[in-house]
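Engineer: Residues per chain are reported as follows:
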Amino acid sequence: MTPDILLDFAATRVQQAAMRLLIIEDDRDAAEYLVKAFREVGHVADWAADGEDGLAHALDGAYDVLIVDRMVPKRDGLSVITALRAQKVETPVLILSALGQVDDRVKGLRAGGDDYLPKPYSFAELLARVEVLARRRGGRSEETSYRVGELELDRLSHTVKRGATEIDLQPREFRLLEYLMKHAGQVVTRTMLLENVWDYHFDPQTNVIDVHISRLRSKIDKGFAQPLLHTVRGAGYMIRDGVR
Amino acid sequence: MTAFAKLVRSTAFRMTLVYLVIFALYAASLLAYFAFNTGRLITEQITEAADAEIAHLTEQYTMGGLRQLVLIVENRALRPGSNLYLVMAPTGQALAGNVGSLAPGVIESTGWSETSYRRLDEQEVAEHTALVRVAQLSGGFRLLVGRDLDERARMRNIITAATRGSIALVVVLGLAGGFFVTRRVLKRFDAMTDTTQRIMAGDLSERLPVAGTDDELDRLAHNLNAMLERIEALMRGLKEVSDNIAHDLKTPLTRMRNRCEDALRMAKSDEDYRAALETTLDESDGLIRTFDALLMIARAESGQARDNMIDFDAGEIVRGVGELYEPLAEEKGLRLTIDAPEVVTIKGNRELLSQALANLLDNAIKYARPEDEVDLGVPPEIVLAARRKDDRVVLAVADRGPGIPEADRARVVERFVRLPQNMTQPGSGLGLSLAAAVARLHGGELMLEDNAPGLRAVIALPANFEAGARP
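Respectively, the protein sequence lines represent chains A and B.
First residue of the first sequence? That's 0 in numbering that gives the first Met the number 0, and the numbers climb one at a time after it.
First residue of the second sequence? That's 0 in numbering that gives the first Met the number 0, and the numbers climb one at a time after it.
A hint or two may mislead.
To be verified - Derived Cβ-Cβ restraints for the label pairs, each shown as a range:
1) B:R334 x A:K160: 28 to 34 Å
2) A:L58 x B:P340: 53 to 59 Å
3) A:E142 x B:G285: 37 to 43 Å
4) B:R182 x A:A97: 51 to 57 Å
5) A:P170 x B:D281: 29 to 35 Å
6) B:E260 x A:E142: 52 to 58 Å
7) A:A82 x B:T423: 51 to 57 Å
8) A:D28 x B:K186: 58 to 64 Å
No lab work stands behind these hints: they were computed from the structure.
Note that CB positions come from ideal geometry on N, CA and C, so glycine has one too.
Construct the complete structure from the given sequences, taking the supplied hints into account.
Structural biologist: Right under this line is the structure:
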């Protein structure tokens, strides 16, 4: 892999705006680790140790994303989310849970959560998801076309062009690129791709996603001087215009 | 609580008491009805007979005068067991008959009355009761005809005695019957209670006693036993999982620990530490993966996942999984063919079935040796099929790889079992276990067959699977 397409994690931090996060988590060590890790990448995180406290903070603080553990004292995570949604607080919520089962996930999303991450998780995975959630709030979600550098994807006519060259993609490759471009400039993990592009929530064991990515890369980057689809070491992928 | 108190407090005994009261009331009212009607019948007979006799005697008096009447009355009065007769002159002197004395005022009033009396021929002063009718004859004479009511009183006595006797009998028999029935039922309940207590104490292999009479208690016991069977199976599964976790997670944990220790002791530079940490992270990810797979298997085996079963096309998941793995197969020089020409609707957990299929396909790709396959004269291909065969839905992954020796086919489905020849490949030894557990969850089975050459892994499911039914 050329250094051009292999990004270090730190290199992806440049363009992220600082976020305000609230972490509702009863394990002190885990919470402190998260607060510190988020601070290192330029975000501000507050910590609430129980559901009641968390709900009070979430109701009056202007947070970009809430990170809610399912099992916290006084008031469980799901009921915090339900209470928030009843008060018309629409802050995106990511649920953390030790119960990583499919039906548990469905329950969490039904309660009003926006994303779900089973424990144990990697910080890179959590960060990528939180940043995507914060961006979703920014409202750039449903556009009819995406553009990254000279690469252009038209969702209506289902066409992809790089400069003047039209690129022929399979339907799934199109959806893969669409997801990456929708989150251009953000790290997208393999699990996020598997969930959002394929709608699978299981672990495919082998590096299937990597193979799909390298196929896509060969179609959109091959023969061009500037690669757009980057691999972020230890995290996932990112599509962005290299000239910056 | 004493045995007696327990018996008295039992539902069966209380029911017996209620029935007892109902039956006693029933018997009493039946006899009362009988007594009332019999009494009325007797009274009716007496009045009819007396009416007829008065009519006859009045006629005789009209035709033959007083003398004729007195003669007939005297004659009749002497017959044994005769009616009561009295002919009285206007002066109040008795002319004929067998009545010695009457209650005062009876003879003065015509018509029916009940009175105490004494017979003329009786010496003792015993008084009897009679129903009498007094008729006014011409010339101021009065005629009395009546009948002793002893018979009616006797009958009443008999019926009263019968009532008392039968109620006493009902109570005694009822109590005794209730006692025995209750004791029998109580014995069976006590046996069940004892068993459940032993089960609660931890012995899940105990079963409730079944009397073999197929009554409601037996049916209850059967159902509870079936429930226990299920609980025991679940507990066994859980225990097996925790045993496996203990055994098979400790190995990689030990490895990880050794590596950390080794790094602490031997590492000279930052790079050495970094390398050791990266390996540790990889291994911990592997552990998490194994842990998740074990939980998933346990969940499939417990049947919990039956809650979110929906109807969907099996061909759709075959195409979906095939599409996910197709680049991987291609990269390895394998041709992946999807054989799902028709819509095959099944009811199931889409996510779990997809994962089971993905595991089978992942194996087929992982263990394929395309160069060998060409040498064998077969194209290096994998066929992924969803077909309906009679009353089954068959999801199959057929490859041309090395296959699994027949002797090992049953074994490889077990958790953590990996064949020695495959140890060089990455894997947890849980893929086939999960596929088998998912097949069982849907009431079907996982079959490993010879594809001559290669392996054909088949998930065969019943087409009409009811999620509520037990496997």
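Engineer: If a hint holds in the structure, say so; if it doesn't, say that too.
Structural biologist: Here's how the hints hold up against the structure:
In this structure, R334 of chain B and K160 of chain A meet the distance hint of 28 to 34 Å, their C-beta atoms being roughly 31 Å apart. A beta carbon spacing of about 56 Å between L58 of chain A and P340 of chain B agrees with the range 53 to 59 Å that was offered as a hint. Taken as a hint, the range 37 to 43 Å holds for the pair E142 of chain A and G285 of chain B, whose Cβ atoms sit roughly 40 Å apart. Judged by the Cβ atoms, the range 51 to 57 Å given for R182 of chain B and A97 of chain A holds: they are separated by roughly 53 Å.
Distance hint check for P170 of chain A and D281 of chain B: the Cβ-Cβ separation is about 34 Å, which falls inside the suggested range of 29 to 35 Å. Look at E260 of chain B against E142 of chain A: about 53 Å separates their beta carbons, and that is inside 52 to 58 Å. The given range of 51 to 57 Å is respected by A82 of chain A and T423 of chain B, whose C-beta atoms sit roughly 54 Å from each other. Range check, D28 of chain A to K186 of chain B: Cβ separation about 59 Å, and the 58 to 64 Å hint holds.
Violation of the numbered hints given earlier is absent; every hint is satisfied by the structure.
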